[in-house]
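J.: In order, the protein sequences belong to chains H and D. 50 is the number that this note's numbering gives to position 22 of the first sequence; each next residue is one higher, with no gaps. 1419 is the number that this note's numbering gives to position 266 of the second sequence; each next residue is one higher, with no gaps.
Since the hints were made in silico from the structure, they are not lab data. These figures come from a predicted structure and were not determined experimentally. A hint or two may mislead.
Unchecked claim - Derived contacts from chain H toward chain D, CB cut-off under 10 Å, selection only: (1) Ala75; (2) His92; (3) Ser93; (4) Val97; (5) Glu132; (6) His154; (7) Val189.
Heads up, the beta-carbon is just placed ideally off N, CA and C, and yes, glycines get one too.
Here's the letter readout for the chains.
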Amino acid sequence: MTTQVTITGTGTPLATHDRAGAGVLVRYGDVHLQFDAGRATVPRLLATGSSPAKLSALFLTHYHSDHVVGVQDLVLSHWTMDVYDEAARLPLLAPNGSTIRFCERMLDLWDHDLEIRSLHNHRAPHPKVDIIGFDAPPEPVEIWSSGDVRVLASQVRHEPVEGAVGYRIETPDGVVAISGDTVVCDEVAALADGADVVVYEAMRMDVIAQRPPDKQYIMHYHADTRQIGRQMAELTVPTVMLTHLIPAPVTDADKQAFIDEVREGGYRGEIMVCDDLDTVTLGDGSSV
Amino acid sequence: MSTSVIITGTGCPIPDADRAGPGVLVRHDDLTMQFDVGRSTVQRLAGADVWIPDLGAVFLTHYHSDHVSGLYDVVLTHWTMDRTDSVPALPVIAPAGSTAKFVASMLDGWEDDIEVRREHARRNSRPAIDLIAFDVPDAPTEVWRSGDVIVSAMQVRHEPVEGAVGYRIDTPDGSVAITGDTRVCDEVAQLAEGVDVLVYEAMRFSFFDDLPPARRYVRDYHADTPLIGKQAAELGVPTLILTHLIPVPKTDADKQLFIDDVRNGGYEGEIIVADDLHTTTLGSTPENGG
């Protein structure tokens, strides 16, 4: 068996044609785990060979529209694609507070659509989703498991957004950490301790610092490329996948600027400035 | 000046890696009008080089999730990308009833996100929709206009969904009709009378013959390809663009089946089995230099 980490979307709130909204898919055998669901997540899932109907669980990092604007489509598609009503219920795990409030209300507006479709196709009317809230823990705590796969969550630092978390996924092949949106902080270090792959959001602060003062506020709550490099070097993480890229790189030179800054932080491992669907495969950890 | 018709999404509820959800962008000069907003519409608009805050208006055909599930992203992005904090409310034109009700309350549930972004970015504005609801007319009726461009709506036949409409866009360069989701019916014929381009939803009914009965109900309310051909021939429409393609064509041979069906119906004009971002341009107006 192998564990595959695929970035379903490397984008941000600012729309670009080739970067879907935030999302990471982690697959180990039949266990398919999606983390966040920004715009266009559903088509990207299909492109990986997975699909909403194949997901074992969906995890959200925080309540910012670019991370959740694709959730409704994903949950509705999980239902519409399941034409013979065979799919298992989809667990949706998210930190308590605004993220869970959003989840609990997100299907309200679709009642009428679902009702009409159900009348017409004689199916049970509601998407099979189980919304499961957890209190954002101060250090990594297991919140979900299936067989050999464990998922842990820990708070990260994305204030003023409250209750933002990152995730750590452990499989027999290795460990994957997903920062979510955050500044570089000790909480990410705890999630990424001993990880084989860290999926890190990345912002080039030098570029943002040249914007007008009233547009610089986003520097308060994102991860600086040089500090990422320093932290990843300290943790000796073999592979770092950069995503949620700000400013969105268009050329190879733009990408190289991210790499150069992470190197300036002291990191010597593998750096991927990701495009959508970029994938890392973790070795064969079990002969199952 | 010219008018272009860009299919932003050729898909349907069943997701596909390459096909966004239903949507058609009609551009006339600087005016951009989006008809339906299925999944990934924002990305496709970016692919068509539309700066989202510049979007002129959004029109909805009916309340089925695949046609409106991208509206959140359009409305929120219309605001988040507006660096000037001065973009007016986005006009959203929709039939009264379930569609307008959806639009009226679609921002409920996003307040926490909007508030936290406003405070952090110190913005005074918030995402805003100018909802224009109209009673579903039984003959083509103007519902919106901007300069030389007139948009008319008319009911189509998509029961059991109530209040489904198609649209007709008349510009100095020519006319476009968009069926929305519907069976082939007289209403579409009225809407498409004399148009240059007809964007038609298309389903190959014969594909469902061998599927279990539980799968066939979708034929109750979609447009069968040979009937499309018959109607388009009677109307003498020069260009027919097929979208909302069911079953989803994967190969050129799959696409050819749609074409063959429409030809069997008697149509001899141009047929486009659209992929996302397919663009058709209506003749340029010579006095304005093209």
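J.: What are the numbers of the hints that this structure violates, sorted from low to high?
T.: 6
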